[in-house]
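Please construct the entire structure, taking both the sequences and the accompanying hints into account.
Numbering of the sequence shown is given in the working numbering, commencing with residue 71 and proceeding in unit increments.
The set of hints was computed from the structure by calculation and includes no laboratory data. Keep in mind that a hint or two might mislead.
Claimed, not checked - Cβ-Cβ distance ranges computed for the label pairs, FRET-style:
no., residue 1, residue 2, range
1, 241, 614, 51 to 59 Å
2, 556, 411, 26 to 34 Å
3, 453, 614, 36 to 44 Å
4, 496, 546, 15 to 23 Å
Every residue gets a Cβ at the ideal spot worked out from N, C-alpha and C, and that includes glycine.
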Amino acid sequence: MIPELGHFALALALALSLAQVGLGLWGAQRAEARLMAATGPLAAGILIAVGAAFACLVWAYVANDTTVANVVQNSHSAKPLLYKISGTWGNHEGSMVLWVLILALCGGAVAGFGGNLPSALQARVLAVLALIAAGFLGFILATSNPFDRVWPPAPDGQGLNPVLQDPGLAFHPPLLYLGYVGFAVTYAFAVAALIEGRVDAAWGRWVRPWALAAWSFLTLGIALGSWWAYYELGWGGYWFWDPVENASLLPWLAGCALLHSAVVVEKREALKTWTVFLALLAFGMSLLGTFLVRSGVLTSVHAFANDPARGIFILGLLAAFIGGGFLLFAWRAAALTPTGIFAPLSREGALVLNNLLLCSIAAVVLAGTLYPMFADLILKEKISVGPPFFDTATLPLAVPLIGAMGLGPVMPWKRARFWPVLQRLWWAALAGLAGFLACLALEGQRLGPALGACAGLWLIAAALADLADRTALFSRPRAAWSRARGLPRAAWGGALAHAGLGVTILGLAGMGLATDRLALLKPGESVVLAGLDYRLTGITTVQGPNWTARRARVEVRDGDRLVAVLEPDKRSFPVGRMTTSEAAIHTTGLADLYAVLGEEREGGAVLRLHHNPLAPWIWIGGAIMALGGGLSLSDRRMRVSAPAARAAGAGARA
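Below you can see the structure in the form of structure tokens.
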């Protein structure tokens, strides 16, 4: 009975979504206050209905209801409770219900917290969100019903993919979807603005919090997924340019550009057309990622589905929402006349350069991701595009981007002079140069890590220089503390996010110096890596909740001093007959000692050992970036309806 209630709730949500689309668009067009007022309660109704459907699906998993086909295919009674719950979205059908639930949460938030929006704009935004929800609810009900019954009931389920039975994968998809779906709200604001033919500073202020929240969640989701791949897949790397990894990077890059462009709309009422374009593009990249993961056109460890019918349906949604959005943009963009004028050398100019470089990197990643698919489809040729292409093609774009990121925040609005900017940042440039030269001296002319060290230190020092300049730390040190206390949280958050990227880049530079070794060891034998002695002391059998494992014990010593004990696993899951490797990692904060257990033979075992300098900084930097976004989001100025009127001297640096 409960699965049928869940199915009914999805159908009810679809009906409410269609009603919200009609009432919202018609009411805004006819200026009918009662019709526009109905969109808020309808948004709440959609949220309740989708929330009820999701709760029914979770119940089916927790209760191990083997009359539900989705539970049989993706769960098992022996699974720990956490993985029964996370198994709800660890498959195609359940993940789509989660997707729509987050979309309904966003619609409810716009309805609940958007009281300061003009009624017509709010109604149109809610109508566009409901239209997106209706499309995906139709997709779920037509091709991906998670409540389909199976009879007779199976004795037990087939189990969840073992590589997904991990805490990192329990939280990675919800965070990622919060980012993807958050850009649906900025898309809805863009479409509503195009219908009205008006974008102003108030619109920029309304869009920024949503862009910032989506970007922050997407940053966390990508970082958590990268960390999971690092320790779970046993490859010893942090990013593999997997097509589905790229699919999450594309909206992140477009979201970065949107976030910075919206600042220019808010502050200077410039770049209006470009900002609306980016809002459409960011959500378009999110939908493209959905298509790549669920259509079966790509083979990836991340891919959920391999069903042409689903792929065609999602392709139709992609064409409708993105094609429709850009057609509307082509028709109405001319009405968005910019009013702000600025010199190329200004903070606006730095943000424009930032946008162009971010979009250029996104274009490179998009081409490298999609070209093999089109080559296979049209030319019937199998082409592999891997890290050498992406690394080589993005580096020339990343270098000036990082330079502009340091320069932009210390520039005044409207017009800047180059020499005063350099005076503020000379010591940041000196820190970057020192890092570059030190890395070259220590690591024997390895250019990539040296550039990474330079870029990371430059960004961190430039963020500190920006804060020092805002607080007059060096010119008026006695007043610095009081100025720091009065500094907006958005200023602290922006500097923190830029510094977080610097920390991540330092981690990437350190990984460029990583070393590894493959060794066959018998108990009592050892091997040396990066000056440390790795000794295999034994291999035992371990019983887990739904797996058995062979576990090696490796002592790592620096001379006579015990540094760490690593215990990598090779796990076997009887349900599903799969084997996974669980890497053992000991971090010192400055490096990771990393071990993976391979096959056993000749009375010993094959061990793959890695020494990864600064590896933890990659994910620490990601967390710092997301924290910076959250700190900016907590700024009161992000929650008011419109910026205060500017005085004549508005061109001064904020």
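Each hint tested on the structure:
| no. | hint | verdict |
| --- | --- | --- |
| 1 | 241 <-> 614: 51 to 59 Å | 21 Å, violated |
| 2 | 556 <-> 411: 26 to 34 Å | 30 Å, holds |
| 3 | 453 <-> 614: 36 to 44 Å | 41 Å, holds |
| 4 | 496 <-> 546: 15 to 23 Å | 19 Å, holds |
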